[in-house]
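Asker: Model the full assembly from the supplied sequences, consistent with the hints where possible.
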Amino acid sequence: MWECLICHTHNDDDDPFCIECSAAKPKYEDNHCSNPKCKFYKTILENPTQKYCGKCGCATTFFKKIEDLC
Numbered sequence: 024m025w026e027c028l029i030c031h032t033h034n035d036d037d038d039p040f041c042i043e044c045s046a047a048k049p050k051y052e053d054n055h056c057s058n059p060k061c062k063f064y065k066t067i068l069e070n071p072t073q074k075y076c077g078k079c080g081c082a083t084t085f086f087k088k089i090e091d092l093c
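Count along the sequence shown starting at 1, add 23, and that's the number in our numbering.
Keep in mind the hints are simulated off the structure, nothing from the lab. Keep in mind it's a predicted model, so treat the numbers as computed, not measured. Just to be clear, a hint being listed does not mean it is correct.
With a straight-line Cα cutoff of 30 Å, these simulated BS3-like cross-link-like pairs (lysine-lysine) come out [as the list claims (entries may be wrong)]:
#1 K74 <-> K62
#2 K78 <-> K65
#3 K50 <-> K60
#4 K74 <-> K60
#5 K50 <-> K87
#6 K87 <-> K62
#7 K88 <-> K62
#8 K60 <-> K87
#9 K74 <-> K88
Answerer: As structure tokens, then:
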């Protein structure tokens, strides 16, 4: 199951779009620190839904995508 970032509907893993609002399933495989000055910038994070970098405190690319949707 995956949860839609826009409407929070739970969808089947094989559904590429939300069944409630048709938003595309997010891709977490590229979640990393968004701060280019951080030494972990562009290092893929183990937690795909991590919101902040544990090393510098900046938002991750996952969290920036959530902010852009709102």
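Asker: For each hint, tell me whether it holds in the structure or not.
Answerer: Here is how each hint holds up against the structure:
no.	hint	verdict
1	K74 <-> K62	holds, 17 Å
2	K78 <-> K65	holds, 13 Å
3	K50 <-> K60	holds, 24 Å
4	K74 <-> K60	holds, 17 Å
5	K50 <-> K87	holds, 13 Å
6	K87 <-> K62	holds, 19 Å
7	K88 <-> K62	holds, 21 Å
8	K60 <-> K87	holds, 17 Å
9	K74 <-> K88	holds, 10 Å
Of the numbered hints listed earlier, not one is contradicted by the structure.
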